[in-house]
Amino acid sequence: MAHIQWDEQLNTGIQVIDSQHRRIVEYINSLYDASLTHNRTDVEQVLQNLVDYTLSHFAFEESLMEEAGYPFINGHKRVHELFVKRINNFQQRFKIGDDITDELLAALKSWLINHIKSDDNDYTDTVLTNMNYVNTQQNSGWLSRSLKHFFS
Amino acid sequence: MSHIEWSDKFTTGINVIDGQHKRIIHYINQLTDAQKLNEPARVGEVLDDLTDYTLSHFAFEESLMDEARYDAAEIHKQTHNAFRDKISNYQQRYGNGELVEKELFELLNMWLLDHIAEDDNSYVPFVKKNFPSINLDEKQGWIKQKIKEFFK
Numbered sequence: 372m373a374h375i376q377w378d379e380q381l382n383t384g385i386q387v388i389d390s391q392h393r394r395i396v397e398y399i400n401s402l403y404d405a406s407l408t409h410n411r412t413d414v415e416q417v418l419q420n421l422v423d424y425t426l427s428h429f430a431f432e433e434s435l436m437e438e439a440g441y442p443f444i445n446g447h448k449r450v451h452e453l454f455v456k457r458i459n460n461f462q463q464r465f466k467i468g469d470d471i472t473d474e475l476l477a478a479l480k481s482w483l484i485n486h487i488k489s490d491d492n493d494y495t496d497t498v499l500t501n502m503n504y505v506n507t508q509q510n511s512g513w514l515s516r517s518l519k520h521f522f523s
Numbered sequence: 007m008s009h010i011e012w013s014d015k016f017t018t019g020i021n022v023i024d025g026q027h028k029r030i031i032h033y034i035n036q037l038t039d040a041q042k043l044n045e046p047a048r049v050g051e052v053l054d055d056l057t058d059y060t061l062s063h064f065a066f067e068e069s070l071m072d073e074a075r076y077d078a079a080e081i082h083k084q085t086h087n088a089f090r091d092k093i094s095n096y097q098q099r100y101g102n103g104e105l106v107e108k109e110l111f112e113l114l115n116m117w118l119l120d121h122i123a124e125d126d127n128s129y130v131p132f133v134k135k136n137f138p139s140i141n142l143d144e145k146q147g148w149i150k151q152k153i154k155e156f157f158k
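Chains as they are written, first to last, in our numbering: chain A, 372 to 523; chain B, 7 to 158.
None of these hints come from the bench; they were simulated from the model. Careful, some of the hints might be misleading.
Distance ranges between label pairs, derived from CB positions [what the hints assert, rightly or not]:
1) A123(B) to N445(A): 24 to 32 Å
2) N21(B) to H409(A): 27 to 35 Å
3) S434(A) to N35(B): 30 to 38 Å
4) S427(A) to H9(B): 34 to 42 Å
5) G50(B) to K488(A): 34 to 42 Å
6) Q386(A) to F137(B): 26 to 34 Å
SDA-like, lysine to any residue: derived pairs with alpha carbons at most 20 Å apart [claimed, not checked]:
7) K15(B) to N87(B)
8) K456(A) to D54(B)
9) K456(A) to S69(B)
10) K448(A) to N21(B)
11) K488(A) to E379(A)
By construction, the Cβ of each residue, glycine as well, lies at the ideal position given by its N, Cα and C atoms.
Pulled out of the complex, with its shape left as it was, chain B reads as follows (with noise of 0.2 Å):
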């Protein structure tokens, strides 16, 4: 399998979360790497690296939809909770010995990209609404620029 390349259909253009999701993606792509070159150990690391930074970008994404006040906020939840579920049913069966990471990488690989360019895009619309300091980078621009020119 080839590398993902970050696209359009991923972007939502909330800078944070394009940032976390562009993370998720690197550590599929890293995924890849290693199980290309047949190293066990490092596919081991590499998955324990992405469900950990991904239940982390769940956490800050569902705050994010409460703020906003997204009505479908639990849904989206029980999406999230599902792939928990997954992640640590997977987690057992790994400590119990079983071999788990061919089926663990697809459902990151398959699961998480969907999610990513299907579901997080129908929060978007919401948070940029209900966050009015969301266009950050124009409005710091503007303000660092007033800084600089009353206060150098």
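Okay, chain A solo, but in the shape it has when bound (with noise of 0.2 Å):
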């Protein structure tokens, strides 16, 4: 696979969930320079980055969701919570030895793109909806304490 282009459909509208997004694929591509090297240690070192990266995002996203209301909020989880025991069965065989760069990516790239477009597109109304009522109760400290504590 070659590089994950940022293409506009992949923009949800929230900008800070957008940004997080990027950053993910950024780490994609970065694990993808990593396999061409194929360093085992750089590899170990980039996905171990891109796992707590991606579990801070998915934690501060289902914050979004709790905050605003989103019903369907245990689903996403649900989700979420399979992509992690995914991508924990791969860094398992990897440790072992397992050659699964070329497998993680291809499945990384797929995930990523069809979470986006389809699961997050769903909750991106009452999130948007949300945010701005917060916004405009000049609360919008929440967002910044999130990102903080889900970022530190």
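Could you fit the two chains together into a complex? Lean on the hints.
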């Protein structure tokens, strides 16, 4: 696979979420670069960073949905959990020496694009409506507090 | 085989679920194209994407049924599990070098479409009843309008 190029269709319209998604794409691209070097330490490091960042992003996203009262938050969380399990499985296989990078990269690319275009797109209206409301109430400190909390 | 068009028989009226089902059908159509063009690599790719997305969709749907206290949730889950078993069986056989694309395509094409058109409709009334915020579009439209009116 080549690098993933950011495509306008991946924008949800929630800036803070879009910039996190872009960051995840950058991590996936770095993982691809690391895989070309065939250096296991590099791959392991990038993979760990990608996992850490993605977990923070999920937690942040779930808190946005919760704050906004998005009704399908539990379903969305389940989808996140399933993905985390899959990635853990890849990490385990990597640790015992399997060459998983091509398979992992394909899975990451496909999952992320599907998830953003379909599942994330569904909560956007609810979250944006809530964010606008919160902003008009001059209570936007919540967002920066949440960001600090999940990405400190 | 021609493309599957979205139609009333697939519509549940739950936007988030309809969106996910549309994506599944989109993949089935891509699979048909790849097979027509006789591109085995592309067939493999789409099959991966489709199975991955379907499993993720099941997790979402099951969480929705649980929350809605759908009384036949267990039966529905068993149907999903049977599908999961079949998929992992195909994946194993594929890993052993067997050509399973044709069978897998038939399974996805027949089973999934029937499942969407028939089984899924049975949980819809429960979800609509137990998720009071299900008619989101109207309510959100109203909220947005009010926010614009009062807070511009």
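- Regarding A123(B) and N445(A), is the given constraint of 24 to 32 Å on their beta-carbon distance met? 26 Å, holds
- Pairwise hint evaluation, S69(B) against K456(A), where the allowed Cα distance is 20 Å at most: 17 Å, holds
- Message: Taking 34 to 42 Å as the stated bounds, is the beta-carbon spacing between G50(B) and K488(A) within them?
- Response: 21 Å, violated
- Query: Is 27 to 35 Å right for how far apart the beta carbons of N21(B) and H409(A) are?
  - Reply: 45 Å, violated
- Query: Taking the CB of Q386(A) and the CB of F137(B), does the distance hold inside 26 to 34 Å?
  - Reply: Holds: the Cβ-Cβ distance is about 28 Å, inside 26 to 34 Å.
- Pair hint outcome, K456(A) versus D54(B) [Cα-Cα no greater than 20 Å]: 17 Å, holds
- Hinted pair K448(A) and N21(B), Cα distance within 20 Å: Holds - the C-alpha atoms of N21(B) and K448(A) are around 18 Å apart, at most 20 Å.
- Item | Range hint 34 to 42 Å (beta carbons of S427(A) and H9(B)) holds or violated | 40 Å, holds
- Between S434(A) and N35(B), does the beta-carbon spacing fit 30 to 38 Å? 36 Å, holds
- Restraint check for K15(B) with N87(B), where alpha carbons must lie at most 20 Å apart: Roughly 24 Å between the alpha carbons, so the hint for K15(B) and N87(B) is violated.
- Verify the proposed pairing of K488(A) with E379(A), using a straight-line Cα cut of 20 Å. Distance of about 11 Å is within 20 Å: holds.
The structure shown violates the earlier hints numbered 2, 5, 7.
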